[in-house]
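Quick note on numbering: UniProt numbering labels position 255 of the sequence shown as 255, and the sequence is numbered without any gaps.
Hints in this document: simulated from the structure, not taken from any laboratory.
There may be inaccurate statements among the hints.
[To be verified] The list that follows gives simulated cross-link-like pairs (lysine-lysine, DSS-like), each with its CA atoms no further than 27 Å apart:
#: 1; residue 1: Lys107; residue 2: Lys204
#: 2; residue 1: Lys241; residue 2: Lys201
#: 3; residue 1: Lys241; residue 2: Lys135
#: 4; residue 1: Lys241; residue 2: Lys204
#: 5; residue 1: Lys97; residue 2: Lys171
#: 6; residue 1: Lys173; residue 2: Lys135
#: 7; residue 1: Lys173; residue 2: Lys97
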Amino acid sequence: MKRHNLALRRRTRISQKLPEQLEESLESFYRFVIRLKIKNSIEMCNIFNMDETPVWFDMAGNFTINQKGEKTVHIRGTGNENNRFTVVLTCAADGTKLPPICIFKGKQMPRGEKAPPGVIVWFQESGWMNADLMKHYVSYLNQIRMSSGQSRLPAMMVYDSFRGHLEESVKQKFKENHVELAVIPGGLTSICQPLDVAINKPFKDNLRREWYHWMNNGGAGYTPAGNLRRAKISEVCGWVKRSWNNVSEEIIIRAFKKCGISNALDGTEDDEIYKEIDEVLDEIQNEMDNDVEEEMEIIDLNDS
1 MKRHNLALRR
11 RTRISQKLPE
21 QLEESLESFY
31 RFVIRLKIKN
41 SIEMCNIFNM
51 DETPVWFDMA
61 GNFTINQKGE
71 KTVHIRGTGN
81 ENNRFTVVLT
91 CAADGTKLPP
101 ICIFKGKQMP
111 RGEKAPPGVI
121 VWFQESGWMN
131 ADLMKHYVSY
141 LNQIRMSSGQ
151 SRLPAMMVYD
161 SFRGHLEESV
171 KQKFKENHVE
181 LAVIPGGLTS
191 ICQPLDVAIN
201 KPFKDNLRRE
211 WYHWMNNGGA
221 GYTPAGNLRR
231 AKISEVCGWV
241 KRSWNNVSEE
251 IIIRAFKKCG
261 ISNALDGTED
271 DEIYKEIDEV
281 LDEIQNEMDN
291 DVEEEMEIID
301 LNDS
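The whole structure should be built from the sequences, with the hints applied where relevant.
Written out as structure tokens, the structure reads:
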């Protein structure tokens, strides 16, 4: 490759040419966001993005380090790599992070367990967001805005076109609480949603680091049959809280600008879209990779 002056390059979705229909949708979405900002004089602290992301109780990943030549390599886990829950993250264009919400399967917290302060825990049959929980979410958002004296001020919520977001009862409740909706058109979340573009990844990296640290410290011990126990809900909530706390305000502020949501109306910040944040993310990723390598212990299942 060097001889032919070639280099291995990673393809990114952002560099791909959008189909004409999506280009029109993107322009229409940006015009709508600008109109909302001008009409309502919305402050940065009241421009929100929320997103639901699945999280698994086991986060071992698909790669490990092992001696060359071995055909089978085991990656240690608790057997819960298919057992998931949902984390709902919300942030504002000024870098504010709202307390994370964890949605677990079931009806209530297991006996003797308690979620750490700063994490909201909900239960739902499938462990996923639906229209009923979305209405709870609107109340949750309004309570936070009331506590900061912002509940009567106009706000904007940017989110994707997930079915539960679009129920009329949900949209009406947002309206009653002075929140305008900017729904991202299908196919554009990888461009227009700050959490999806630049925030979820460092959050998930932090979560994986928490899991490795927990595993290296013995996890939750063993069952009578000798299997590793799954992490408790209270422990997992602690991982989520610390992982979210460790996402910097700077990343969030730049993510909103990168997505064209919070840029100055006079056009002076338009060059911020898709600029600089990749360097910041690369720095954070390098730090995370180094920390994980130091903390991660590779253990063969046959030795446990």
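We went through each hint and held it up to the structure:
1. Between Lys107 and Lys204, the direct Cα distance comes to roughly 26 Å. Compliance with the 27 Å bound is thereby established for this hinted pair.
2. This hinted pair checks out: Lys241 and Lys201 have alpha carbons roughly 15 Å apart, not beyond 27 Å.
3. Annotation: proposed proximity of Lys241 to Lys135 holds, straight-line Cα distance about 23 Å (limit 27 Å).
4. At roughly 12 Å between alpha-carbon atoms, Lys241 and Lys204 fall within 27 Å of each other, so this suggested pair holds.
5. Proximity of Lys97 to Lys171 is assessed by CA-CA distance (about 22 Å); at most 27 Å being required, the pair is judged to hold.
6. The straight-line distance between the Cα atoms of Lys173 and Lys135 is roughly 7 Å, inside the 27 Å bound, and the hint therefore holds.
7. With a C-alpha separation of about 22 Å, the suggested pairing of Lys173 with Lys97 holds against the 27 Å cut-off.
Hint violations for this structure: none, all hints satisfied.
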